[in-house]
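**Q** Spelled out, the chains give:
Protein chains: 2
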Amino acid sequence: MKFSLLSSETIYKGRVFDIRVDKIAYESGNEAWREVALHNGGAVIVPVTPEGKFVLIRQYRYPLSEWLLEFPAGKLEKDEDPFLCAGRELQEETGYTADSIVPLGSIFTTPGFCTERLFIYAALGLKPGEHAREEGEQGMEVIELSAEEINEYIRSGKLMDSKSLSAYVMYQAYEGRK
Amino acid sequence: MKFSLLSSETIYKGRVFDIRVDKIAYESGNEAWREVALHNGGAVIVPVTPEGKFVLIRQYRYPLSEWLLEFPAGKLEKDEDPFLCAGRELQEETGYTADSIVPLGSIFTTPGFCTERLFIYAALGLKPGEHAREEGEQGMEVIELSAEEINEYIRSGKLMDSKSLSAYVMYQAYEGRK
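Quick note, the sequences are listed as chains D and W, same order. The first sequence: position 110 = 110 (the working numbering), numbered continuously. Position in the second sequence (first residue = 1) + 1000 = the working numbering.
Derived by calculation from the structure, the hints in this document are not laboratory data. A quick note: this is a predicted structure, and the numbers were derived from the prediction, not measured. Please note that a few of the clues may not be correct.
To be verified - Which stretches of chain W does chain D cover? Using the computed rule of at least three CB atoms under 8 Å from a CB of chain D, they are:
hint, region
1, 1005-1011
2, 1092-1098
Claimed, not checked - Among the chain W residues that face chain D by a calculated CB cut under 8 Å, a handful are:
hint, residue
3, G1014
4, R1034
5, R1058
6, Y1060
7, Y1062
8, T1110
9, C1114
10, G1139
11, A1147
12, L1165
13, V1169
14, M1170
15, Y1171
All C-beta atoms in this analysis are idealised placements derived from N, C-alpha and C, irrespective of residue type, glycine included.
Model the full assembly from the supplied sequences, consistent with the hints where possible.
**A** What follows is the structure in C-alpha cells.
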C-alpha cells in the first residue's frame, strides 16, 4: 500500500492499550487519519480432557455487561513468551495442568483498528489441580463441553467470543491433519 | 458481577471508536479502572458461489502493516441495520450480489476491552457484478477458495483474521444443521 506518514501521536497510554493517531497521505495527495489501538497481545488455550471434552470458562465482560463463554486466555506481559502465558492462564483459570501445550498458530482479533495478536495453543493430557484466580476473576465458572455441544452452542448463539470460535476451528484443522 | 461505578469519563472521541475510562469499586472495597473502546460494530459476510467456493478478499491492514485474507466486512453506520450493511459490503468489496443473505448469529471480537459486535451472514446464490470501492480499499484482491483450501490456509497460518475464522466455523455449524 502506497502512502506516506505525515504525523504520528500517542494520545492515550492506558493499562490494556495505548492509542496512536497517524496522519497519512495517499499517492493521489488525499490525506487520511488512522487511529490505532496498540495492544501487547495474548495467548488462548484450547484445553482438551482425556475424554475429549473442551474446557471453557464463563466470565463477566465489563465492556458488554455480560457473562461470556470463552476458552481460557490471558494478556501477554511485555516481552513474555506466549507459550508460558498459555500454561499459566490454563492453571489460573481452570485449575488444570497439561502434559503438552501445542501451538496452533496465531490470529488478529481486530486488524482494522488494533494491533492485538493472540497465540493459540491446544492443551492436551490435562490433570486437575488448583485454581489461582485474581480479583475480578472471581465467579468464573468452568464448563466442559463435547464437540457436539460446542457445535450446538455455536448454532444457538451461546458461544459468541470470536477468539474462542477461531481457536476452535484452528483446533479442528489441527485434528484433521493428524 | 457485584461492583459499583464510581466515575465514568469519555477521554477520546474518534472516527472508528471512542474511549471511556471507568472507575469501579468491588464489594471488598478494592477499586479498579476499566478502559473501554466503544465501537459501533459491523457485519461480516461469508459469500458462497454456486460451485461451493468461498469468496475472500486480501486487504491492507494499517495497524499491522500487513495484507490480510478476510471475508468481506464493514462497519455499521449509527443505527444501521447490519443486514443492509452486509449486502452493501458484499457488492462493494467483491462485486457479487446475492439471492439470499442468511443470518448466522453474532460475535464479540475483543470482549475484554471493546464493545464491538459483528453480525455474521452467509451470502448464497451469488451473481457477478461491479465493484464500488472507496479510496483506501484500492488494491483489494478477490480470492475464491474451496473448503479444503480454507482448512489448509488455517493450518498453514495464511488465514489469521479472527472474525473470518469465526464466521467460517459458524457457517460450518449452519451447514451441519441442514
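**Q** Next step is simple, just say for each hint if it's right about the structure.
**A** Hints, one by one, checked against the model:
Residues of the region 1005-1011 of chain W lying with their CB closer than 8 Å to a CB of chain D number 1, which falls below the three-residue condition for coverage. Three residues within the 8 Å Cβ limit are the bar, and the region 1092-1098 of chain W against chain D gives 0, so the coverage statement is violated. Hint on G1014 (chain W) holds. Least Cβ distance to chain D is approximately 5 Å, under the 8 Å limit. Below 8 Å, beta-carbon pairs count as interface contacts, and R1034 (chain W) has one with chain D at about 5 Å; its hint therefore holds.
Because the beta carbon of R1058 (chain W) sits about 11 Å from the nearest beta carbon in chain D, more than 8 Å, this interface hint is broken. Restraint check, Y1060 (chain W) versus chain D: the minimum CB separation of about 4 Å is within 8 Å; hint holds. The beta carbon of Y1062 (chain W) comes within 5 Å of a beta carbon in chain D, closer than 8 Å, and the hint placing it at the interface holds. A distance limit of 8 Å between C-beta atoms decides the matter here; for T1110 (chain W) the minimum to chain D is near 5 Å, and the interface restraint holds.
Interface restraint check: C1114 (chain W) against chain D, minimum CB-CB distance 6 Å, threshold 8 Å, status holds. Evaluation of the G1139 (chain W) hint against chain D yields a held restraint, the C-beta minimum of about 6 Å falling below 8 Å. For the restraint placing A1147 (chain W) at the interface with chain D, the shortest Cβ-Cβ distance is roughly 11 Å, beyond the 8 Å limit, so the hint is violated. Look at L1165 (chain W): its Cβ gets to within about 4 Å of chain D, closer than 8 Å, so that hint holds up.
A hinted interface residue such as V1169 (chain W) counts as satisfied when its beta carbon comes closer than 8 Å to some beta carbon of chain D; here the least separation is about 4 Å, so the hint holds. Because the closest C-beta pair between M1170 (chain W) and chain D is about 6 Å apart, less than 8 Å, the hint holds. With its C-beta approaching chain D no nearer than about 10 Å, Y1171 (chain W) sits outside the 8 Å limit, and its interface hint is violated.
In this structure, the hints that do not hold are numbers 1, 2, 5, 11, 15, in rising order.
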